[in-house]
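Peer 1: Sequence:
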Amino acid sequence: MFDATAELAAVHRLRGLARRPRYHKSALEKHRAELVALRRAGASLKDLVVWLRTKRLKVAASTVSRYLRQLPELGGNLA
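To convert, count from 1 in the sequence shown and add 21; that's the working numbering.
Bear in mind the hints are in silico, worked out from the structure with no lab data behind them. Please note: incorrect hints may appear among the correct ones.
Said to hold, decoys possible - The calculated lysine-lysine pairs, modelled on DSSO-like cross-linking and capped at a C-alpha distance of 30 Å, are:
id, residue 1, residue 2
1, 79, 46
2, 76, 51
3, 46, 67
4, 46, 76
5, 67, 51
6, 79, 51
7, 79, 67
My request is simple: use the sequences and hints to build the entire structure.
Peer 2: Below is the structure:
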């Protein structure tokens, strides 16, 4: 016999697992101090992208922007 309530509970459990955020360390994390120092010294986002490329890390300017925005050192201020 098909138990709809049990099946629905199983589906909800699976959806709950899929919904959980997956946390991982950003590849930018190991360059955090340098990125903050360069940004405070007046580097543009594009300057930071070029600098990261010399460190063998290929990222877009929007990625750097999102990363820096969440750092407390810069207070969310990218201007």
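Peer 1: Determine for every hint whether it applies to the structure shown.
Peer 2: To see whether the hints hold, each was checked on the structure:
no. : hint      : result
1   : 79 <-> 46 : holds (16 Å)
2   : 76 <-> 51 : holds (11 Å)
3   : 46 <-> 67 : holds (22 Å)
4   : 46 <-> 76 : holds (17 Å)
5   : 67 <-> 51 : holds (19 Å)
6   : 79 <-> 51 : holds (14 Å)
7   : 79 <-> 67 : holds (12 Å)
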